Structures are given as C-alpha cells and as structure tokens.
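Please arrange chain B on chain A, whose structure you already have, making use of the hints.
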Amino acid sequence: MHQLIISAAAEGDVNPLVPNGWEMLVVFVGFAILFFIVVKFVVPMFEKTFAERAEAIEGGIAKAEKAQAEASAALEEYKQQLTDARTEANRIREEARAEGAQILADLKEKAAAESARITAQAHAQIESERQAAVVSLRSEVGTLATTLAGRIVGESLDDDARAARVVDRFLADLESQNAGAAK
Amino acid sequence: MIALALPAQNSGDFNPPGINELHLPAILPWGAAEGFSKQMLLVLLSVVFISVFFLLAARKQQLVPGRLQFAGEAAYGFVRNGIAKDIIGGRDFMKYVPLLFSLFFFILVNNIYGAIPVFQLPTFSHVGGAYVLAGLVYVTWIAIGVKKNGLRYFKLATVPSGVPWYILPIVIPIEIISNFAVRPVTHSLRLFATMLAGHLIVMIAGSGIEYLIMQENFLLKGTSVLVLVGAIAMYMLEALIMVLQAYVFTLLTAIYIEGALHADSH
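Listed in order, the protein sequences are those of chains A and B. Positions 1 to 183 (my numbering) are the ones given, in order, by the first sequence. Positions 1 to 266 (my numbering) are the ones given, in order, by the second sequence.
Okay, chain A solo, but in the shape it has when bound (with noise of 0.2 Å):
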C-alpha cells in the first residue's frame, strides 16, 4: 500500500488549510446577508409572538382568578341568602304559631266570655221573668182567692186594703213554710 501514498506537491495538490479568497468572501456576504434578516425581522418577529403568548396566558390566568374570585364570592353570598332566607322562614313560622296560639286563646277567652255574657242575660232573664210571674202570681193568686173566698164566705171582702193584708199574709206564711221545707 505505500505506493498509494507519494507527495503530491509536484502535482499542483490543494493545501487544504489555504482558504480561497472568493469563497471567504462569499460565504462573508452571505452570513452578512442572513445575519441582517434574522436581525431585522426573524428574531423580531418571534419575540413578538412569544411576547403576545406569554401576555395572553398571564392575562387568561388572571381573568381565570377573577373568574374563580367572583364565583366563590357569589357562592358566598348565595349561602349567606340562604342561611337568612331559613331563619327569616323559622322566624315566620315561629311568629305564625304565635300568633295563632294568641287567636285560639283569645277565640276561647272570648267565647268564654259570650257564653258567660249569655248564661248571665238568660239568668236575668229567668230571674226577671219568674218576679213578673211572681207578682203577676202575687196579684192574681191574691184576686181568684179573694174571689173564691169571697164566694165561699159570701162575705164581700172588696175592702181591698184588708183584703190584701190577708193575702200577703197568707203567702207570707206559705213563703216561710216553703223556707222551711226547704230546709
């Protein structure tokens, strides 16, 4: 094999470390070129977006807390109307039960009262009734007596005066001696 390997300096060989001015310069230009691109409007153009994305998930975030904010502030105050709304109900129910307890007591107290008023008027009543009978009794009882005795005796006993004495006399006896059985 080491005849593959002979110097090749004679042969007008390519240094390969010496560089062609040319392709420097176009390879130069080239970076030059691209370099101004991605400075102008590559990179730019990114940031931009990368800058408007980071934006949008700071701002979503921050709309998501204000979100989760108000709803749990709202959850809040839907307890709280509850809570009052079942006290405000028990307050009713215990005012209801109450005031009907007032109603019945004061239904009874007045029916009491009605029963009591009418039991009183229908003693008067009776009461009244049994002294007009009393004296109409009196009176009459008196008259068919004096009448009967009267035709009885065949003595006139139309001197009123005496005659009623006897009369009230009579009941008057009569009155005691139902005291007294009644005794």
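Worth flagging that the hints you see were computed from the coordinates, not collected in a lab. Possibly wrong hints are sitting among the right ones.
Here are the simulated lysine-lysine pairs, BS3-like style, with alpha carbons at most 25 Å apart [said to hold, decoys possible]:
1) 85(B) to 38(B)
2) 95(B) to 48(A)
3) 48(A) to 60(B)
4) 85(B) to 147(B)
5) 95(B) to 85(B)
6) 40(A) to 85(B)
7) 95(B) to 40(A)
8) 40(A) to 155(B)
9) 148(B) to 95(B)
10) 48(A) to 85(B)
11) 60(B) to 40(A)
Computed from a predicted structure; not experimentally measured.
The following block gives chain B in isolation, referenced to the frame of chain A:
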C-alpha cells in the same frame, strides 16, 4: 503536503479520491478552475432556505401556532433558550441571540448539504468559510470584552486570579496563546476538519464500492456489500456530526461571549 493519490497510469488498481476531488470545477464559467463554484452557490442557497423557512414560520404570528410556526418556534427556541439563555444567561443574552441563531442555522444547513443527494457537499469542507465565521466570532467576543471592561479586559483574560505570583510567568503566556492565538484556529479548524474528513470518508467508501463491484472475482465483488453497510453507518455518523458541529460551533461562540462579558468574575 502528503496526500492520497495515485498516478493515473495504474488504472487497474484502486484509485481513491483525494482532497483534490473536493474542489470541483467552477459553475461560472463552466468547468473553469477558478470562478463561481458549487460551494458559493450552496452558501447563497442556504441563506435563501433559512430566510424563507423562518420568515414563513414567523409570518402568521398566531398565539396558537400551526405546524410550520411550531417547527420554526421550536428551532428558534432551541438556540434562544438552549444556547443563548443557558450559557450567557441574565438579561444580556437577548442581544446575542441573532448572532447565535444565524451562526447555528447557517452552519447547520451548510453542513447538512453533505448528507443530501445532489447538494452532497458540506460547504465547510473548504476552510475559507470556517475561517470567516471563526474570525467574525473572534472579533465579536474581543470587542464585547473590551467594550464591557475597557482595555483592562486583556489583563483579565490573561492573568488568572488566585494563582501564586511565581507561577504567573508560566500561566500568562499559556493564557495568551490559548485565548488569543489558538482559540480562533481550533474554532475554525474543528468545523472544517470534521466536514472534510466526513466527506472524504463517504467519498472513499463510494468509490471503494464502485471499485469492488467492477472486480472479476465474484467473492471480491461480494465484499462490496460489507463496504456498503459500513458506508451507510458512516453516512449516519456523518449526519450526526454535521448537526453536532453546528451545535458545538454555536455553543463555543456563546461560551466565548459569556467569558468576555463576565471576564472579571473568572
């Protein structure tokens, strides 16, 4: 210069392609030794490819990206966050994103040419382009260092702190050589040499397959399959190295810039 080459009269023997084969005749004027070469065309085409792709990807600027925009953003974000932000960091890194971004994709596309049929020539297998880019980076990071720290920068970059005084006479020349003399050379040659070597290997494998298939001996003919398998493996490795070297070049650029920015803390 020693190179692999063989006189043309031994036509029956294996005649591997050499470095000369990397220098194709010019396109304009056609076939001339000097002129507008394929390399130059590829460089200009890469500028068009990169610009068109990223301008199209960034054009719509939707908050919810489409497929193309997503690809563009991922590529841009790789350089922006994966290289610039991670290495340079802080608040200053945005200033250097355009440079790093341009470098990465310029080198990437020009390297990948070597793996694509028809193009089939990594631009940086010619050393000129690598010199230009490494030179640009060299000027850039020194300018950044001087702008940030004044002329004191050269002292900061060559005199390490915390080293005993009696070692300084040894350390300072080493620092000067490694930072200001060797750095741009390694920076450019690393890219150039990997591309050249990769391209040569694929070329030699290709011509080796051709040579073996032409053999009369059937068994010898059959060995071309082995070379083919090896060539495919080398091709894959080359494709990896093409991407890797673009990354390494950009990463080193970011590291140099970071070193120049924070020279006082090193």
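For the pair supplied as a hint, residue 48(A) and residue 85(B), confirm whether the alpha-carbon distance does not exceed 25 Å. holds, 17 Å
Given the hinted pair residue 148(B) and residue 95(B), is their alpha-carbon gap at most 25 Å? holds, 14 Å
Quick one, are residue 48(A) and residue 60(B) close enough, alpha carbons at most 25 Å? holds, 11 Å
Are the Cα positions of residue 95(B) and residue 40(A) separated by 25 Å at most? Given pair residue 95(B), residue 40(A) holds - Cα atoms ~13 Å apart, limit 25 Å.
Does residue 85(B) pair with residue 38(B) here, judged by a C-alpha cut-off of 25 Å? violated, 36 Å
If you draw a straight line from the CA of residue 40(A) to the CA of residue 85(B), is it 25 Å or shorter? holds, 20 Å
For the pair we were handed, residue 40(A) and residue 155(B), check the Cα-Cα distance against 25 Å. violated, 36 Å
Check the hint pairing residue 95(B) with residue 48(A) against an upper bound of 25 Å on the C-alpha distance. holds, 15 Å
With a cut-off of 25 Å on the C-alpha distance, tell me whether residue 95(B) and residue 85(B) pass. holds, 11 Å
Would you mind confirming whether the straight-line C-alpha gap from residue 85(B) to residue 147(B) stays at or under 25 Å? Holds: residue 85(B) and residue 147(B) sit about 21 Å apart, inside 25 Å.
For the pair supplied as a hint, residue 60(B) and residue 40(A), confirm whether the alpha-carbon distance does not exceed 25 Å. Since the Cα atoms of residue 60(B) and residue 40(A) sit roughly 16 Å apart, the hinted pair holds (cutoff 25 Å).
Of the numbered hints listed earlier, those contradicted by the structure are 1 and 8.
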